[in-house]
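As given, the protein sequences belong to chains A and B, one line each in that order. If you count the first sequence from 1, position 44 lands on 40 in this note's numbering, and the numbers rise without skipping. Heads up: take any position in the second sequence, counting from 1, add 262, and you land on this note's numbering.
No wet-lab data here; the hints were simulated from the structure. Heads up, a few of these hints could be off.
Below, a list of computed lysine-lysine pairs in the DSS-like style, where the Cα atoms sit at most 30 Å apart [said to hold, decoys possible]:
#, chain 1, residue 1, chain 2, residue 2
1, B, 316, B, 270
2, A, 73, A, 152
3, A, 73, A, 11
4, B, 474, B, 571
5, A, 146, B, 662
6, A, 77, A, 193
7, A, 22, A, 11
8, B, 316, A, 152
9, A, -2, A, 193
10, A, 152, A, 193
11, B, 474, B, 463
12, B, 752, A, -2
13, B, 752, A, 11
14, B, 463, B, 571
15, A, 152, B, 463
16, B, 571, B, 316
17, A, 77, A, 152
18, B, 752, A, 146
Just the calculated beta-carbon pair ranges, DEER-fashion [said to hold, decoys possible]:
#, chain 1, residue 1, chain 2, residue 2, range
19, A, 1, B, 686, 36 to 42 Å
20, B, 518, A, 111, 55 to 61 Å
21, B, 662, A, 7, 28 to 34 Å
22, A, 31, B, 510, 29 to 35 Å
23, B, 518, A, 70, 37 to 43 Å
Here are some chain A residues the structure puts well away from chain B; computed CB gaps all over 10 Å [claimed, not checked]:
#, residue
24, 3
25, 20
26, 51
27, 69
28, 85
29, 91
30, 93
31, 126
32, 141
33, 145
34, 176
Beta carbons: idealized from backbone N, C-alpha and C, even for Gly.
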Amino acid sequence: MKRFAPVPRPWGWQKHVLNCGRAWLKVAANLSAERPRDLWSPYRDRLAAGFGELCGYTVMWTPNGTVDHHVPWVMVKGTAKADLAYQWSNLRYSDGWFNSARGSTDVPDPYTVSDDWFELLLPSLELVATASVPASEVDRVNAALRWLGKDGRVIKKRHALWLAYRSLDPDGTPGMSFAQIERWAPLIARALRNNAKFLHPADRARLLAGTL
Amino acid sequence: MIRRLTLKDVGPIRELLLSFASRVNVFTGNNGLGKTFILDVLWWVLTTTWAGEKVFPWRSPEVDALDKWQTSDDIGSGRGDGSGRGDGGVSAADVDPGIEAILTAREAQALAPDELVVRGAWRWESQEWVRTPWAHDRKTAGHVIAPGLLDEARLSPQSLVIYARIDGSYAVWDACFTQGGLDSFAEAALVLSSTEIWDGKEESDPQVAGGKRTVIGGLIADWVSWQQRGRSAEFEALRRVLHALSSPDEPLVPGAPTRVHLRDRRDIPTLATSFGVVPVTLASAGIRRALALAYLIVWAWTEHLQAAKQRRQRPTQDVVLLIDEPELHLHPAWQRVFLPAVLRAMGMIAPNVAVQLFTATHSPMVLASLESVFRDELDRLYVLERDGRSICANEQTFGKEGDVSNWLASEVFGGVGGRSREAELAIDAAMDFMAAREPAAERNLAALSERLRELPRSEPPLSSLDDPSTTEEHSDAARPLVERVHDALKRTLPGHDAFWIQWILTWDRRSDPSVDP
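Could you put together the complete structure from these sequences and hints?
Structure follows, in structure tokens:
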């Protein structure tokens, strides 16, 4: 995982979502509903753009991710914090499969996580926790690594991105440039910076020159 | 074992030759191509009975049209004068149904030929298949065979056959229960409905005290009886087979029998599970199918041993298992281990017996389950395919596919792939779009644009939410093709699909005018 800057609340959210959502929550029967009324989906693209179309958890480009409630409804329904369902600050952009697999599992927050808690190993592409994880976050980190570590879904995509960078076009340039890998898979780019032997020679030279 | 099966004008087949392997023979193919049909025919070849509906001769519209005036003699003897032949079609006289199988023994047995030919001919008058007496084309194991002995059922290399059918019923045939001669083969066949295998079956028999004899005690009664006898051999075998056939998540462990319904005075076997004791009658459909198969394997084998002992015969060396859709009711995690487990279970209770297994499946998990055990010299994989108005069987080299998606994309499953049909169409469109950028690849982008109309479109952008006049149709037509392809992919392909990495480079160049030719 990596830390994302919080996405600014979009115009219209207060009127169309927060206020309407709070009104919905005032109906007593709704407090124990299985799921809150979906008012946020029209803003999915705004959230995606704020995350650079990167899944907040797998940290890879995903053009059709879902709206993830970081604190899920099941944890707040019927409580004073029920309106977290309609708080923009509680939303994260997430791959659909991760959102579904995670369910209500408590995982680290992309807005507060530290970059040095995780390391992507090369060439296995497995994500592991580092010794920098504070004791208070260990359970959450381990829970997330159940899927983000070496789950087939995440590994396949990492591998495809890795191969795209490592392969060479007929003209000798990488199939995917370092700038592109940095944009679409920042964790792989970070791992490449830390393991320069896997960089293409030109990129390695730029790294040494401080221009990569 | 059954070494070869030849069919002519039977069921959906005009001509078919199948050579079988000595251990596992798997059939795949689309619905209606005859997988179950082949299992039914194999059962008939071995037992001269039908486990369900018998099969009928192949039929064509031309022949059906001739039924009113073509005589059975003309048809049966093939002496038709051809006057009924349709234009380029098939004459009734051309239809000559026949079934032929070659059975071989694994080891030479005294008085037994080492190869037997079974032939079946269709009798038009009685609308039945008639099996010819044994024909032995090859030498025997050095013994002179008295002609009269050739009809003896004990000469059959297949002495025990178990058939797990698609409707939950089972059939068992045991040569020890014949009286000699083909006529008595039917007496050795036992077809059990899904109810009878649980509750047992009795038949009228004036020679038995009380006028009724027990055909099978049934899972409920036999299980309890075996269990209450302490560590009986049957119960120990059942316990081991259940363990072998278990789901990876929950071993099948017998618990103490219990009462369930107030007015049902039977003790019902139970399973001791991680979430409590579950009476077998209340277990899930998948567990019940596994229990029934485990019980029947143990029951059939122990009854065979008992009968062989009473007849002063050596138990059989060969067992044939026919299992239609072993994946039925099973979770994929269970499908992934079930078939090899059946082979292991047979090896546990009858270690010196060679098992030949025939199975038909629609499940890529079943194929995946065989990857670690499949051996070219012991096992065979057939794909049934349509060939004009008949069916053909293509033997496939069993190559490891690695995962279920690859199996689905393989020829074994017709290349159907693991994605949704819409996702495949979107990928095809994207591939065509990418190829169209190559000067050498002339593509009809107008046709591509048309194909995209068939695919789901994205929701209207947020800016149009308050403007109902902005219809999707209107905005779609004005959008660049690259965006429409991207939109189709977004709507159909999950974010973690590896195809995105192929597409992302094209998508990233969308500001380049050459991207949208």
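For each hint, the structure was consulted:
1. 316(B) to 270(B): holds (16 Å)
2. 73(A) to 152(A): violated (36 Å)
3. 73(A) to 11(A): holds (22 Å)
4. 474(B) to 571(B): holds (23 Å)
5. 146(A) to 662(B): The given pair, whose Cα atoms are some 22 Å apart, holds under the 30 Å limit.
6. 77(A) to 193(A): violated (49 Å)
7. 22(A) to 11(A): Holds. Residue 22(A) to residue 11(A) sits at ~16 Å (cutoff 30 Å).
8. 316(B) to 152(A): Given that 30 Å is the threshold and the Cα spacing comes to 49 Å, the pair is violated.
9. -2(A) to 193(A): With Cα atoms ~23 Å apart, residue -2(A) and residue 193(A) stay inside 30 Å; holds.
10. 152(A) to 193(A): Holds, at roughly 22 Å.
11. 474(B) to 463(B): Holds. Residue 474(B) to residue 463(B) sits at ~10 Å (cutoff 30 Å).
12. 752(B) to -2(A): Holds, at roughly 24 Å.
13. 752(B) to 11(A): Holds: residue 752(B) and residue 11(A) sit about 29 Å apart, inside 30 Å.
14. 463(B) to 571(B): Between residue 463(B) and residue 571(B) the Cα gap is close to 23 Å, so the pair holds against 30 Å.
15. 152(A) to 463(B): Violated, at roughly 54 Å.
16. 571(B) to 316(B): It is violated: about 33 Å lies between the C-alpha atoms, which goes past 30 Å.
17. 77(A) to 152(A): violated (38 Å)
18. 752(B) to 146(A): Holds, at roughly 25 Å.
19. 1(A) to 686(B): 36 to 42 Å: holds (38 Å)
20. 518(B) to 111(A): 55 to 61 Å: holds (57 Å)
21. 662(B) to 7(A): 28 to 34 Å: violated (55 Å)
22. 31(A) to 510(B): 29 to 35 Å: Holds - the Cβ-Cβ distance for residue 31(A) and residue 510(B), about 32 Å, lies within 29 to 35 Å.
23. 518(B) to 70(A): 37 to 43 Å: Once the Cβ atoms are compared, 39 Å apart, the range 37 to 43 Å for residue 70(A) and residue 518(B) holds.
24. 3: holds (14 Å)
25. 20: The claim holds: residue 20(A) sits with its nearest Cβ about 18 Å from chain B, beyond 10 Å.
26. 51: violated (7 Å)
27. 69: holds (22 Å)
28. 85: Non-interface label on residue 85(A) holds, nearest chain B Cβ at 19 Å vs cutoff 10 Å.
29. 91: Per Cβ check, residue 91(A) is inside 10 Å of chain B; nearest 5 Å; violated.
30. 93: Given that some Cβ of chain B is not farther than 10 Å from that of residue 93(A), nearest at about 6 Å, it is violated.
31. 126: With a cut-off of 10 Å, residue 126(A) remains clear of chain B, as the shortest Cβ separation is near 24 Å.
32. 141: holds (17 Å)
33. 145: holds (15 Å)
34. 176: Non-interface label on residue 176(A) violated, nearest chain B Cβ at 7 Å vs cutoff 10 Å.
The structure fails to meet hints 2, 6, 8, 15, 16, 17, 21, 26, 29, 30 and 34 from the earlier list, while all remaining hints are met.
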